[in-house]
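**Q** Each chain is listed here by its residues.
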Amino acid sequence: MEGNFRNSFLAVLMLGLLFSSCSVFSFLAHVNVGLAQTGEEAAIVAVFSAGEELVSAYETVLDAEKIGADVSPLLERLDLAGALLAEANMSLRRGDFERAVSLADSVVLGLEGFEGEAGDLAGSYQADWTQRFQLSLGVSVIGILLVVVLGFYGWRIVKKRFVDRVLEMKPEVAE
Amino acid sequence: MSISDVKLLYGLACFVLCLIIVSPAIGMIVSLPPGERFSELWLLGENHMVEGYPHNVTEGETYGVYLGVSNHMGGVEYYTVFAKFRNSSEPLPDIQNGTWSPLAPVFEWRFFLVDNQTWEREVTFSFGGISVENNVTSVDRLMVNEELSFVNKTCAFDEEPKGFYCQLFFELWRYNMTVSKLEFHDRFVGLRLNMTAS
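Chains as they are written, first to last, in our numbering: chain G, 7 to 181; chain A, 1043 to 1240.
If you are wondering where the hints come from, they were derived from the structure by calculation, not from laboratory data.
For each residue, glycine too, the CB sits at the ideal point set by N, CA and C.
Looking from chain A toward chain G, a few residues come up when the C-beta cut is under 7 Å (computed):
hint : residue
1    : Pro-1066
2    : Gly-1117
3    : Arg-1152
4    : Phe-1153
Please put together the full structure from these sequences, using the hints given.
**A** Right, dumping it as structure tokens:
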């Protein structure tokens, strides 16, 4: 009877241990899957944000270009960011989420201060343009005034010469 | 010629002179109407010519072409080029309807060009896992510029011209600020490749 009780106890203990092991493994599996999903989600979010950051920088360039600034110096940084973003996308497709996040972070880091730089370029161009336009307008106004004033004096000379030439003419009577 | 004719000519000459003097200031404000806007996409062979394109490809060999884009859109453009790989049963982009191929890209490039600027890159590619069975060729792997993709394509036999053909093609996309997204720019170029087992 004691033997039977011991056997039953051992059987229950074994079953209990088996059940506990299964629960632990199941829990760990779920945690791992959850972490993987979080890793993928984090990578997708990071790459998307980097893409948005790049578009925002592109918009800044377009604004500067709209007022006529030469935006070529800004494109080097944009191109570098674009290349990194392309690599991040490829890493994401490949399932290399850690690298995708790292590259996405590099995109954002590389574009830090970009809006300020573009703003400075646009501002500098605007100031330079205003100065050149004012100079050009000033020269044009002076030039027109000179043409008008000299034109009046010139007309008096031309008119006198025309009248003198007409007066020198000898009329002939046609037969 | 009467005095009034002379007066008119003289006035006209002074007016033209005034226009010439004020033209630099006007030129700073008035801009000429833009010409036709378009983008170019091209593929050149290994010697930078419209020839020498890879055709018969085998496993392990590396092939090269030159991919180029030129911007004539009147301003800075944000371009993306997607490289894709298909067999004859899978869809190509449809330029008539402006739709892109739904296949996943095997490589991509993202870059920015000012007006009239050109971008060109060498594209190297190689294949792995090419096998022929029951008149069908299978391709497991494609490497484009050191980026490995498991494509797992089957290339059926084509009678005209004879061979097991798949296609590596490149789609040009452009960021449209009006709708704030990347759009297929109705351009693609491709290489029809005869997959041969070594």
